[in-house]
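S.K.: The whole structure should be built from the sequences, with the hints applied where relevant.
Residue numbers (our numbering), protein chains in the order written: chain A, 1 to 328; chain B, 1001 to 1409.
Just so you know, the hints here were simulated from the structure itself, not pulled from any lab data.
The structure presented is a predicted model; accordingly, all values stated were derived computationally and were not measured.
Even for Gly, the Cβ is constructed at its ideal location relative to N, Cα and C.
Hints should not be assumed to be uniformly reliable.
[Stated by the list, open to error] Residues from chain A that keep clear of chain B, each with C-beta distances beyond 10 Å, as calculated:
hint	residue
1	G109
2	A120
3	P133
4	R277
5	A295
6	D322
[To be verified] Here are some chain B residues the structure puts well away from chain A; computed CB gaps all over 12 Å:
hint	residue
7	A1021
8	V1079
9	V1095
10	F1246
11	H1252
12	W1279
13	A1301
14	K1351
15	A1377
16	N1378
[To be verified] Partner residues aside, some chain A positions facing chain B, computed with beta carbon under 10 Å:
hint	residue
17	Y68
18	S74
19	I91
20	A124
21	A128
22	A129
23	A167
Given next are the chains, with one letter for each unit.
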Amino acid sequence: MGKLFAGLSAVALIAMAAAVGLALDGGREQRPPPAPRVFAFVSRHGGEELARLRRVGALIDVVAPNWYELAPASGLLRAPSGGHRDQLLEIARERRVKVWPAVNARTGGAREWEAPEARARIVASLRAAALAPGASGVTLDMEELQPHQRRAFTALVREAAAALHAADRRLAVYVSRSSEAYDWKAIARHADLLLAAGYNESWAGGTPGPITTPSGFAQVVERSLAAGGRRKAVPLLGAFGYRWPPAGRGELIASDEALALRRQLRATPRRTAGNERFRAGRDTVVYATAAGLRARVREARHAGVRWVGLFSLGREPQHFWDGLDTAR
Amino acid sequence: MIGALLATAALAAPAPGAPSAEAVTDTTVTLSWKAPSGAKPRAYRLLRDGRIVRQLAGRRVKVRKLAPKRAYKWSVRAVDRAGNVSRASRATRVVQGEPPPTTGAVHAYLLASTDASYTAFRKHYRQIGHVYPTFYDCNRSSAALEGRDDRRIVRFAQDRKVKVLPRVNCQSTATLQRILGEPALREQWLAQIVALVDKHRYDGVNIDFEAIRAEDRDRLTSFIADLAARLHARGKLLSQAVSAKFADNPRHPRSGAFDYQQLARHADVLFVMGWGVHWSQSAPGAQDDIAWVRGVADYVATMPQREKWVLGTMLYGMDWPAGGRGTALHHAEIQALAAARGLSPVFSPEKDAWQLTYTDAAGIAHELWYSDATTVANRVALARERGLGVGFWRLGQEDERIWASSSLG
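M.R.: In structure tokens, the structure reads:
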């Protein structure tokens, strides 16, 4: 028995205990944990994403459209204008979805941004993004950080949160599951939401495999809850797929594109851990399924999270939303 | 014969009761009246000062878009099923209320030649304490004071307790040299400005003399002192626009003429034009780089009678074609340009300003710098922190969201 449980995470144990408790209770119905709020990245801005937002916006609390690019050293912020931005804002307003645009910054491992004056420039740019029309917050997605930049990044989050809160705006911060540069607990102290990547167990630059596994996601749920608590932890689901050539980087594709390709090729998928895998010629395709994603949401909900995140809207299987219970 | 009968029938029909008014505001009134005796009328015609303004089925109506403080006489006629119209009821005289007064303290220029500026003023007047309509200019050839009043603007502002100080503008070095230096012309200007204030019952005047030779520094101070004395004797205000500086250099070609210390002794308001690091004929760049504005604010905050000083912020953008002269653009124009060309503005946190670059149809590269509500709010906050007033050049070209800022009051 002990051995049986050793391979399971605490989250899985909690879920199991809940099921056992239900059985021991003689089948009497217990109140289910509250349905989670939904945070969704919108990484592309084609018609599909907007159509999806129009269709399921009523289930979503916050969207983070992929609008801004920030140069970490100078703090220069490249912003969008017109077109899809205005359409997305209009749909979000109609559906009463909050918009916290994503500010993407790739440091390339550089250190210039660590200086206090450089951080102040970044904070000013984040504030400008958060105060843009229609926005009520901002989502910081700073990547390619080095482990020794852990303190500087925490300081940046602290300074950004102070500036944004003073302007009545909110801050969500993306944290990687593998990098030591992100001090999850310290970040969660200042940020309003801790966006914990629960995907890329297999990634574009690696070998083909599932994007998210139940155990891997459960670990992220557990760790984000420990760092941020129920109100701030947002485990992010990888709701997409990859198509890997025999050599070289995989290409990110939407789950529905992968499904359509599988049907077109009449390929028989191998189902593993909420993902489906099949061959497309010499390529290998793995993608998240609606059932698998919904199962992860259910598990996270039973583990006690009040939020789940999605990367990214329009790339998830459209049936993911069918019957999904969310807080809105 | 039939017409006479109908007319007699109509006259014979009983009139409804006189309208009674309730919920009278500056622009609306709710009227109601009693039905006439006899059969229920099909409709009522509402008359304002004897003219029909509406026909309605009920006996209660809210009338909108009335002029504040104006008296109207309201009456009604009943229309029966056959279309006969009754006599008019007795008229009720209703005087509309005062419009809500401003509670704001912003000093704002209003470009009198555009409706956009006046429209913005009407919309946001409650945050504005002093308005400077651009009524008067110097004639560069004759050095005469020219221009005309616009009653619409003055009446609207004064009805709402916004002080009206029309701008007297001159930006010609040679003309100003004459106005400040030739005794007869100087006296003519002083007398004419005071006469305009008297004639149009302004609350004062705003002097916007720019491009003054540094050598005319004392003459400018003397002119301001003289004008202030004459206006103060009438209970009127003197506001003056001054070039920004962060140290006093009496030889500076742009700001040397403005002796801050002395001017503050006489003028009631000193509006510091907190922009101009880059301008239409300079190389492209942020016109009000925040570091520069901070330096200006810090210096101004050391001046005596700090309550007289206003930190002015520009609300427009400037588009420089490569090698050419910059063109001022409104915020809405910039947004439309960015949207039409699919441009991605770049925010410079160092300058606290936005930048756009693009190439036009003729292949000419452009560089555009502008402010938005966020950057304006930062300058407003800076003024507040230094204990200075807040001013804008000018209404109608701004990012509309600036008015949502609670710091504007």
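S.K.: Does the structure break any of the earlier hints, and which numbers would those be?
M.R.: Structure breaks hints 2, 3, 14, 15, 16, 19.
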